[in-house]
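All chains should be modelled from the sequences, with the hints used to inform the complete structure.
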Amino acid sequence: MKGREFLAQHEFLVMLAVLRLGREAYGVPISAEISAKTGREMLLGSVYDTLERLERKGLILSRLGEATAKRGGRAKTYFKLTSDGLRELRETQRGISALSEGLLQLGGVRL
Amino acid sequence: MTSGGPPRFARWLLERFGRTLRLGSLVGDLDEEHADGRSRAWYWRQVVGALAVGYSRTLRMHSLSFILALAAGCAVTIAWQFANNLVFPPVFHNLWRIRQHAWTAVAVVHFSGLLLSRASVFGLCFVSAWVVTRVHRAHQRAVLVAFVLALTAQHIPWLARLVTDLLGNARFATYLEYEIIGVLFQGVFVLASGLWAIRTHQFSEMNRSTRWLALLVAGQLLAGAMIFAVSRVLDLSPLRPFAQISSLVQFASIAYLALLLWKRPVPIGPDSEIAHPQTN
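Line by line, the protein sequences give chains A and B. Residues in the first sequence are numbered consecutively from 1, following the working numbering. Residues in the second sequence are numbered consecutively from 1001, following the working numbering.
For the record, the hints were derived by calculation from the structure and aren't laboratory data. Every value quoted in this text rests on a predicted model; they were computed, and no experiment measured them. Be a bit skeptical, because a hint or two may be false.
16 Å max Cα-Cα, derived EDC-like pairs, lysine to aspartate or glutamate [as the list claims (entries may be wrong)]:
1. A:K57 / A:D84
2. A:K70 / B:E1032
3. A:K80 / A:E41
4. A:K70 / B:D1036
Computed Cβ-Cβ distance ranges for the label pairs, DEER-style [claimed, not checked]:
5. A:L106 / B:L1149: 43 to 49 Å
6. A:K80 / B:G1182: 55 to 61 Å
7. A:S35 / B:D1165: 52 to 58 Å
8. A:K80 / B:L1064: 32 to 38 Å
9. A:S35 / B:F1017: 23 to 29 Å
10. B:L1059 / A:I96: 25 to 31 Å
11. A:L19 / B:L1064: 32 to 38 Å
12. A:S35 / B:S1063: 27 to 33 Å
13. A:L104 / B:A1160: 55 to 61 Å
Even glycine gets a Cβ: it sits at the ideal position worked out from N, Cα and C.
Okay, here's the thing in structure tokens:
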């Protein structure tokens, strides 16, 4: 990575979903995973837009998968985190944890 | 499985106007989900969302040069209007006197002035479209369409005024008609000029129909300018219906030329965002 940049919220969510899905990380499961875990829908267009951005930053890699008739003969694109991506994800998570620590409001407890 | 295929128009819109690098995979994902039971409404929502996301990203990345391009085009137009108001009014004045002495030297000068006035209008349209598409090279068609819309929008107050006047007096119908034709003509001419300016092929490499149509349009513009000048200098009222028909034929020809130029495939160039992704 060229400079130090914070991951945006969508980037953070998409990277976590990619990590959770492992070898099955392509558009539909990534979107479904985010919806299932956060309760908020992320449009596929938004998922792909974020994936493109992450790939440009060198945080994920892509590879073309199989094309099926159900997909109109179009290939899937699978994604996985790079080592830079994994490091960035860890640091972001560490930062969020550090900032959240001691904030009782986040636990639903009164001040 | 859902009955029937995915919405074809939605898919066409996405394939034609989508801006993601992984367009094929995105469309494949949507088709797969639709085949697995997602509704047509879901498909449409995803397509609209994907288009909105793509274009808002493009706008964020290129908004400055996009706005600069529009501003440059408008500046050229305003500068021309200012110069035009200084140079050409004498040509249009006292035409009624010349009509009494047609084909005198003064009449010829006025005639030439009217031709020059018309030529400067077409020249301005071409130059302004050229400037706009050169300032913002990343999305030349998009900025060109935005410029045409901006130019057209400038006429809205005047058109609204004419419509209001028309409610009180029927004679304003003619003015309104001329104004609408003028606005449409300007819009389509600027569009065709811009598309011509950003064409990827030399004239000799273009297909025969486009080349002939371009020559026909050039001829029509020349003939139209002549008819305009003659009818103004000599006040030949019988020419007016002919001039109107000529304008409509010109409009149709230019619109068709714009369509042919639009349909020409544009290869991804060195300035394209797709070819050279930028990190934002």
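How the hints compare with the structure:
1. Distance check on the hinted pair: K57 (chain A) and D84 (chain A) sit about 9 Å apart at the alpha-carbon level, within 16 Å; holds.
2. A distance of roughly 5 Å separates the Cα atoms of K70 (chain A) and E1032 (chain B); the hinted pair therefore holds under the 16 Å criterion.
3. Note on K80 (chain A) and E41 (chain A): the hinted pairing is violated, with a Cα-Cα distance of about 21 Å set against a maximum of 16 Å.
4. Simply put, K70 (chain A) and D1036 (chain B) have alpha-carbon atoms about 9 Å apart, close enough for the 16 Å limit, and the pair holds.
5. Between L106 (chain A) and L1149 (chain B) the beta carbons are some 47 Å apart, a value that agrees with the proposed interval 43 to 49 Å.
6. For K80 (chain A) paired with G1182 (chain B), a C-beta distance near 59 Å keeps the hint of 55 to 61 Å intact.
7. Taken as a hint, the range 52 to 58 Å holds for the pair S35 (chain A) and D1165 (chain B), whose Cβ atoms sit roughly 56 Å apart.
8. Taken as a hint, the range 32 to 38 Å holds for the pair K80 (chain A) and L1064 (chain B), whose Cβ atoms sit roughly 35 Å apart.
9. Between S35 (chain A) and F1017 (chain B) the beta carbon distance is about 26 Å. The supplied range of 23 to 29 Å therefore holds.
10. Separation of L1059 (chain B) from I96 (chain A) is about 30 Å and conforms to the stated range, judged on CB atoms against 25 to 31 Å.
11. For the pair L19 (chain A) and L1064 (chain B), the beta carbons lie near 36 Å from each other, so the given range of 32 to 38 Å is met.
12. Checked against the hint of 27 to 33 Å, the pair S35 (chain A) and S1063 (chain B) passes, with Cβ atoms roughly 31 Å apart.
13. Hint check: L104 (chain A) to A1160 (chain B), Cβ distance near 59 Å, so the stated range 55 to 61 Å holds.
Against the hints set out earlier in the document, a violation occurs for number 3 only.
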